[in-house]
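The sequence shown begins at 1 in the working numbering and counts up by one.
Rather than coming from a laboratory, the hints here were simulated on the basis of the structure. Yeah, the Cβ is synthetic: ideal placement off N, Cα and C, and Gly gets one too. Fair warning: there could be bad hints in the mix.
Only pairs whose alpha carbons sit at most 20 Å apart, straight line, appear in this in silico EDC-like list of lysine to aspartate or glutamate [to be verified]:
#1 Lys302 - Glu404
#2 Lys270 - Glu296
#3 Lys332 - Glu418
#4 Lys390 - Glu407
#5 Lys396 - Glu344
#6 Lys302 - Glu344
#7 Lys360 - Asp59
#8 Lys302 - Glu425
#9 Lys396 - Glu331
#10 Lys342 - Glu404
#11 Lys8 - Glu77
#12 Lys332 - Glu313
#13 Lys270 - Asp84
Label pairs and their computed distance ranges (CB to CB) [stated by the list, open to error]:
#14 Ile213 - Gly39: 18 to 24 Å
#15 Pro158 - Ala325: 47 to 53 Å
#16 Leu9 - Gly356: 36 to 42 Å
#17 Asp293 - Val19: 42 to 48 Å
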Amino acid sequence: MAKTRPEKLIRDAVHGDMVFDSRTEMAVIDTPEVQRLRGVKQLGTASLVYPTATHTRFDHSLGTCWIAKRILAGLREKGVRASDEEREAVALAALLHDVTHIPFGHTFEDERRLFERHDAPERVRAFLARGQAAKVLRSLGSHDAVLSILTGRRGGRPFLRQIVAGTICADLLDYLARDALFCGLSQRYDERIFRYFSVVDGELVLEAQKDGIVRADALSEIVNLLRLRYFLSERVYFHHAKTASGAMVSKAVELCLARGLTLADLFPLKDEGLFQYLRARFGRDRTIEKLLDRIETRRIYKRAYVLTRKVGEALQGSLIERYHADRAGREKAEAAIERRGKLEKGDVVVYCPSAGMSLKEAEVPLRLSAGRPRPLSELGLPEVEELRQKHRNLWKFYVFVSPERPEAVRDAARAAEEYFALPNELVSLQSGQSYLSWAGSEPERAGARMRDPGQGATPDEG
């Protein structure tokens with residue numbers, strides 16, 4: 001009779017009872033690096049909008065591991081072979097996939113572009129070169145295999161990495177369910193999605209066919225995942241108050257970077273520890289102290305000026321180049337608007353997202369017949385194209401301003417419109433006219449009539 005491995009049962013609000021191997025998985029879970037994630041919120045400042053959105057990257061890491069094992073179990077039932085060592089590596093990689101996250105990581109890395117991404121191979125290798133987690137992995141003989149999965153190193157079998165970090169993967173399936181639950185949104189995908197995973201030529205795919213015939217139920221459930229992803233993006237991830245509060249935190253850290261803060265300083269910190277650290281080290285700076293105080297007391301900056309994709313692709317690209325990728329460009333614009341609006345330093349924050357808002361989950365490979373899989377985006381399904389377009393339309397350029405002075409929002413709006421030389425779209429957004437007229441708009445043609453952003457600046461602001 002085969003000897004069973006000791007297990008640990010953990011009750012989770014999202015997935016119910018989750019089972020972890022006591023010798024391997026619990027050894028990694030109990031390392032200081034993973035335990036630190038208990039203090040790093042999954043959604044950053046979203047709890048300022050949705051008070052119960054206080055779930056952490058620790059919870060999410062356990063859930064991702066559990067889902068990865070469910071996907072592996074389903075593949076095994078379909079005859080996809082994976083050795084014990086490979087299954088162990090996938091589970092441990094899922095547990096560690098967020099271990100490199102700093103507090104408010106997505107805000108700093110993806111939105112404000114202050115640091116490289118948490119999953120950059122160099123950063124993952126540095127984290128797993130030392131420390132207790134690295135020591136445990138080496139003692140288990142799993143270090144190289146886990147590192148290979150997390151860094152996307154060539155070789156091996158791609159589906160092992162794709163289970164953890166693919167288009168539709170364990171990471172996505174956990175955070176969609178977890179974020180919806182803790183934000184109080186009654187949305188959930190069907191558990192049947194786990195039955196659709198398969199492997200073709202070493203790649204993870206979703207089967208939407210049986211015996212060469214398209215399964216409408218499978219296809220609709222896959223599309224439902226995209227619908228849920230868009231719903232959370234609209235309601236949570238790009239909620240204007242979450243965006244504003246995140247921009248305020250980023251601005252505070254950006255000011256600290258100019259005074260000697262480094263990325264390495266943030267690695268051991270949790271969310272609350274970040275604010276304590278910044279106050280202790282940089283609290284004498286009035287602007288930094290003001291930003292931190294306003295965030296902690298939920299005096300969130302207000303929208304004064306908004307641009308959408310209606311400006312046209314060319315001007316959108318110019319805005320992204322000047323104010324997303326270029327810190328100096330943001331600082332110049334913020335200072336100019338503060339001067340023109342007679343505002344104090346730190347009262348204005350410019351926020352410009354990247355262009356990468358194309359709903360990457362639509363690239364999931366599907367098999368609709370006995371032939372080769374194709375990306376969902378190539379099938380020409382009207383609902384998928386509509387969701388992709390709606391997701392792209394979530395792109396918004398903001399100027400946020402402190403509302404401490406009653407007329408500050410009005411003054412900042414006027415100053416921003418002069419500086420960027422583009423009409424403010426905030427009123428049409430608030431009235432609903434922007435949504436009603438979007439389908440009939442021609443952003444390329446409209447945008448071509450507008451001046452290049454920044455042309456409205458006077459010489460003393462350059």
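The hints, checked one at a time:
no., hint, verdict
1, Lys302 - Glu404, "holds (10 Å)"
2, Lys270 - Glu296, "holds (15 Å)"
3, Lys332 - Glu418, "holds (14 Å)"
4, Lys390 - Glu407, "violated (34 Å)"
5, Lys396 - Glu344, "violated (25 Å)"
6, Lys302 - Glu344, "holds (15 Å)"
7, Lys360 - Asp59, "violated (24 Å)"
8, Lys302 - Glu425, "holds (14 Å)"
9, Lys396 - Glu331, "holds (18 Å)"
10, Lys342 - Glu404, "holds (13 Å)"
11, Lys8 - Glu77, "violated (24 Å)"
12, Lys332 - Glu313, "violated (23 Å)"
13, Lys270 - Asp84, "violated (34 Å)"
14, Ile213 - Gly39: 18 to 24 Å, "violated (50 Å)"
15, Pro158 - Ala325: 47 to 53 Å, "violated (30 Å)"
16, Leu9 - Gly356: 36 to 42 Å, "holds (39 Å)"
17, Asp293 - Val19: 42 to 48 Å, "holds (45 Å)"
The structure is inconsistent with the numbered hints 4, 5, 7, 11, 12, 13, 14, 15, although it conforms to all the rest.
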